[in-house]
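K.L.:
Here is how the chains run, residue by residue.
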Amino acid sequence: MTSLTLVRRIAARPSIVFDALTTPEGLAAWWGPDDLPVIKAEVDARVGGGFRVRFRTLDGQEHEAFGECLEVVRPDRLVMTWRWAVGGEPEERGRTSRIEIELRPIESGTELTFTHADLRNAASKAGHEQGWSGSLVKLVRLFGDTPSTTDQV
Amino acid sequence: MVNYEGHALDRVFSALVDPTRRAILARLEQEECLSISVIAEPFAIKLPAVMKHLDVLADAGLIARSKRGRTVDVRLSAEPLREAREWLDRYVRFWSPALDRLAAYAEDQEAEVRKAKVGATEAGAKSE
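Keeping their order, the protein sequence lines are chains A and B.
Here the first sequence is numbered in the working numbering, starting from 1 and rising by one per residue.
Here the second sequence is numbered in the working numbering, starting from 1 and rising by one per residue.
Excised from the complex, chain A in its bound form (with noise of 0.2 Å):
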């Protein structure tokens, strides 16, 4: 049960961010992990509803990602199914995972924290404890050579 968390503080209150995260106009403006035009943004913010999103990278290659609203509670919280249709990460192809976010008022505006759990569903259910990704980090933050980025991984 490998998790991503990722947190940004926003100088913008949390419905409008909740906004920019469940409608098709906000979507498009910063999905994707490249500075390109998304293809293609389509969501229905309610649960059992759907989001669907093509974009391309710097490579040209066309990708394509879709999932189920899974809690959908404005302006706090929304959780969805997340699945490559097209292109992605090999590994994950037919897999999968989970996406959750929680928006907090700050002072400042909103800090987002943005989760994608149940990446690499381990065969082994042996836990799905609290803390787990933050543990995966230090330790491989410890013995990973690679530079270490702002985020919590």
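Don't take every hint at face value.
Here chain A is said to cover these stretches of chain B; the calculated rule only asks that three of the stretch's residues, wherever they fall, bring their Cβ under 8 Å from a Cβ of chain A [claimed, not checked]:
(1) 39 to 50
(2) 85 to 95
Far from chain A by the CB rule (all over 10 Å, computed), these chain B residues [as the list claims (entries may be wrong)]:
(3) D55
(4) A64
(5) R65
(6) S66
(7) V72
(8) D73
(9) A98
(10) A116
(11) G119
(12) T121
Computed footprint of chain B on chain A, listed as stretches where at least three residues anywhere in the stretch have a Cβ under 8 Å from a Cβ of chain B [stated by the list, open to error]:
(13) 27 to 41
(14) 63 to 73
(15) 103 to 115
By construction, these hints were calculated from the structure, which means they are not laboratory data.
In this text, a Cβ means the ideal position worked out from N, Cα and C, and glycines have one as well.
Using the hints provided, position chain B relative to the given structure of chain A.
P.N.:
Okay, now just chain B, sitting in the frame of chain A:
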């Protein structure tokens, strides 16, 4: 064959899920080489349980064991952790710039809402 690396990474990630195994790795990072009995000392669990954890770590390639007389030395092998880190970094590279753009977009929207409000207030003040 193609999936060999994938399965190897699965073993690394599932080995890392357990707090006892992470504690063992953290200690090996500090002390380089330890005997099994020394590794077992701080834990409330029995030696066979510690041995099982070491088996999992060894299967994942995270430690190497070598016999020295009647004791077994355990060392860390860092390569699988580096690979795990690289794998996670691919997702960081995917999401991190996207979230930066999300932040910039939301901040623009916030600025527009505020401008609209100020405009409305000024218009209101003028009409009074």
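K.L.:
Look at each hint and say if it fits the structure.
P.N.:
Quick rundown of the hints versus the structure:
1. 39 to 50: Not satisfied, violated; 0 residues make the cut.
2. 85 to 95: The restraint on the region 85 to 95 of chain B holds, since 11 of its residues have a Cβ under 8 Å from chain A and three suffice.
3. D55: Consistent with the label, B:D55 stays out of reach of chain A, its closest Cβ about 13 Å off (over 10 Å).
4. A64: holds (14 Å)
5. R65: holds (18 Å)
6. S66: holds (20 Å)
7. V72: Given a closest Cβ separation of 22 Å, the condition holds.
8. D73: holds (19 Å)
9. A98: Given a closest Cβ separation of 6 Å, the condition is violated.
10. A116: Correct as stated: the minimum Cβ-Cβ distance to chain A is 12 Å, above 10 Å.
11. G119: holds (17 Å)
12. T121: holds (18 Å)
13. 27 to 41: holds (count 7)
14. 63 to 73: violated (count 0)
15. 103 to 115: As far as the region 103 to 115 of chain A goes, the hint holds, because 4 residues have Cβ atoms under 8 Å from chain B.
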